[in-house]
Amino acid sequence: MRISLNKIEQIDNHLFSRGNAKDRLIFEAMLILDPALKSQLSWQKKTLDFVQHYGRKKMKAEMESVHRQLFSDPAHQRFRNKILSLFK
Amino acid sequence: MVSLKFSVNTPAERERLFIHLYKTAFPATARYVSKKGGSFDEAKDVFQDALVVYYEKLTDSSFVLCVDESSYILGIAKHLWAKSFREGIRYTPLDHHDTEFIEYENDKPSNQMLLHYLETAGQKCMEMLKAFYYDKLPVAGIARLFGYSTVHSATVQKYKCLEKVRDTIKEKSLAYEDFIE
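Residue numbers (our numbering), protein chains in the order written: chain F, 8 to 95; chain G, 13 to 193.
These are calculated hints, taken from the structure and not from any lab test.
You may find that some hints are simply not true.
Below are the DSBU-like pairs computed for lysine-lysine, each with C-alpha atoms no more than 35 Å apart in a straight line [stated by the list, open to error]: (1) G/K48 - F/K45; (2) G/K69 - F/K52; (3) G/K184 - G/K136.
To give an idea of the interface, some chain G residues facing chain F are shown, with a C-beta separation under 7 Å as derived from the structure [said to hold, decoys possible]: (4) F30; (5) Y34; (6) R43; (7) F52; (8) E175; (9) R178.
Anything over 10 Å on all C-beta distances counts as not near chain F; from chain G, calculated [to be verified]: (10) L63; (11) Y84; (12) K90; (13) N123; (14) V151; (15) Y160; (16) V163.
A virtual CB, placed ideally from N, CA and C, is assigned to each residue, including glycine.
The whole structure should be built from the sequences, with the hints applied where relevant.
Right under this line is the structure:
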C-alpha cells in the first residue's frame, strides 16, 4: 500500500482502538509530535461523520419508499386501514 | 451485524426488514402517538427515527436485544416523542435535533452543499464507506457486494476511498466557507 494509505490505516486503527498496545502508544506519541497528523486525524473523523450522515439519509430514503408502498399498494389495504383508523 | 431473522446487506434485504418492522411495530407506535394527540405524519416521523436508532444498534456488535423487537422500537419512539414534547415543539425528524454532528454541523449550509456534492460526485466511494462504517458489514461480504476478488483489495479500496473523500471534504469545506461567509 502507498505510504499515504498506510497513514490512513493507522488513523483508522486509532479511531476504532484496533491494534496492539505498543502500536497504539507509538501512534499517540506521533500525534503529539506531528501537527500534520493531528490535522489529518480530525479530517478523517469529519469524513466518518459525513459517512454516518450519508448512511442515515440513504436509510431514511429506503424507509420512505417502504412507507409509500405500504400506504398505497392494494395488497396492504388491511394494514393501512388499521393504522389510519387510529387517526380519525 | 447480529441481525436476528434478517440479513440486511442489500437494499432489497433491508426493504424486507423494514416491511416486517412496519407490520409488527408501527401499529403500537401509531397508537401511542395518536393517544398523545399526534398526527399520522408525526407517528411516521417518530417511527422512522426509532427504526434508524434500532438499525444503528443492530450494527453494533456489542448490542444484545433483551426484549422483543417491537417493544424495543416502541420504547425508543416513546423516548423520542417525550424528548420532543419537553422541548415544547411538534415532532421534528431526528435530523434536526439529535447527535452531535447533526446538531452542530449539519445546519451549516456548507455541510449541506458538501453532502450533496459527495452524494453525486463521490457516490461510489460513499456507498463503499457506508457499507464499512455505517452498515458495518463484514469485509468478505463487502468484497462480494462491490466485486472485489479478495478481502485485501476491498480493504485497500476502503482506504483509497477514505483518502479521496477526506481530501474532497477538506478542499470543498474551505472553498464553501469562503463562498458563504
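Which numbered hints fail: Hints 1, 10 and 13 are the ones this structure does not satisfy, whereas the remaining hints hold.
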